[in-house]
Amino acid sequence: MVLYFLVNTFALEFFINQFTGIMSKKTGLLSSSIGKKLLMGVTGLFLISFLLVHCFINSLIFFNDGGETFNKGAEFMGTNWLIRTMEIVLFGGILAHIFLALKLTLDNRKARPVGYEVTNGNANSNWYSRWMGLLGTLILMFLIIHLKHFWYVSRLTDHLDGGLETLFDEMKEVFENPIIVALYCASMISLAYHLLHGFQSAFQSLGLNHKKYTPLIKSAGVAFSILIPAIFAAMPITMHFGIIE
Amino acid sequence: MSHGNMNLTLKVWKQKNKDTKGRFETYQAKGISPDMSFLEMFDVVNEQLINEGKEPIAFDHDCREGICGMCSMYINGRPHGPKQGITTCQLHMRSFKDGDTIVVEPWRSAAFPVIKDLAVDRSSFDRIIAAGGFVSVNTGNAKDANNILINKDDADEAFNAAACIGCGACVAACKNSSAMLFVSAKVSQLALLPQGQIEKQDRVLNMVKQMDEEGFGNCTNTGACEAECPKAISLENIARMNREYSLATFAQNKIK
Ligand code: HEM
Ligand code: SF4
Ligand code: FES
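Protein chains in written order, with this note's numbering: chain A, 1 to 245; chain S, 1001 to 1256.
Here chain A stands alone, though its shape is the one from the complex:
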């Protein structure tokens, strides 16, 4: 809670500074490597907080009541003005995260114009920490497919209107296809590895490092990175095999 507040304060100050012209583009936070990383960390943590909410709401299917509770939750998410506003912020956050990721990754490539003949990266770092760009791109590809499956039909078409079909029915229909179930599971593995590095990395980027609390953050990060994608993956699996119906 305190951290969340801190992060939000950072973000707020950042935007105030950025947009009141106190700092020009040349000396502004976004022009520096650390500033970009700061925003990367803020957007990353924001996306993590979104995952938590998303996972919670979707877990309502596990009541196994034919989607009754889940549909109520989905209805609330689809109509509450605060949630709808946050949805816009969320899209902004994802776009900022992707844009910065692209910029940082390309800049980093330029910083080593002649590469090494032999590298032994595994001797000094985790493979997933070095492949964040790739893992992120896989997540992005998944996101596009995923938005098409659910967000598009529930928000932008009247497909679900008139009580003809609920979001729960939509899920059951989509997850009939085993290839889609496999794709969802594989994407959750990408997400897990992205978070395995990203969760603790975001705190480091924000300078939130502490002898006593950093080990806690790291453990919480590992737990989050395994638990949340696992719960998400359980949804298509259980629906496909008719355990949830």
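Hints in this document: simulated from the structure, not taken from any laboratory. The reader is advised that the hints may include incorrect statements.
[To be verified] Pairs of lysine-lysine residues, derived as BS3-like cross-links and limited to a Cα-Cα distance of at most 27 Å, are as follows:
(1) K1011/S / K1097/S
(2) K212/A / K1011/S
(3) K212/A / K1152/S
With chain A fixed as given, assemble chain S with the ligands onto it according to the hints.
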């Protein structure tokens, strides 16, 4: 002249200067003693090359005891070779096996142009220090040692940060060629002490600005730098610098 019984094949990067393209050249190192340092092995090879009237391999070295940070060699995919916590001059040939092929490359980073072969120009580090890595004082008589009391924990941590020898292995190891570990050590060693407080905002802003201008990459917290640093400089310093930088940016109410 034979020194021992190890025979090795070396694949070494040869490059005339920063404006030419380099390539690998293969050399045979014969009669190497396992007790030799990696640099002494190069001395043997170079002596042989000179005797044959060929051009020796250019490489940097000075103290040969792990304190100057000159011996920049990227050996078999790792800065300073296969061991942790040491420089190339502290690496012994017993870390290799008879008959091994060893690939030796210079630090590769846009900010470290190759001077010749394995020697790179690390003056970008000097320019970062010059941008703020100091405490301005009026020099006069030396002050009493304990004039300013310093918390022991802070003193220890500042001392640990000050152990950085500016070798550049952090940059060489980093997939992004980021200099964050080096710069954060230089920021921390002063930011932790009372004498460093007065200029701490300008210091971190100016040093980071210079770091970015030199063309180093952005940190992605992979931790490769910390793992390869011969002086075990901690990632905590990077977090401290991130913190100092953000606070300085917000606190500094100036248009520059
Ligand atoms: C729900 C989706 C996502 C979550 C929760 C998430 C979370 C995170 C977090 C927490 C970080 C660490 C930030 C830091 O080190 O300061 C991070 C880094 C990164 N993300 Fe994501 N991310 C998501 C989607 C994406 C997407 C779609 C892409 C790319 C297309 C992406 C690319 C990257 C890259 C390249 C980094 C490393 C950049 C760096 O450390 O400098 N991420 N992400
Ligand atoms: S931080 Fe470590 S690896 Fe980097 S320059 Fe200093 S001593 Fe060398
Ligand atoms: S030669 Fe001085 S550290 Fe290796």
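Check: Are the Cα positions of K1011/S and K1097/S separated by 27 Å at most?
Finding: 16 Å, holds
Check: If you draw a straight line from the CA of K212/A to the CA of K1011/S, is it 27 Å or shorter?
Finding: Answer violated: K212/A to K1011/S is near 46 Å, above 27 Å.
Next item on the list: Mind checking the alpha carbons of K212/A and K1152/S for me, to see if they're no more than 27 Å apart?
Entry: 18 Å, holds
Hint compliance for this structure: hint 2 alone is broken.
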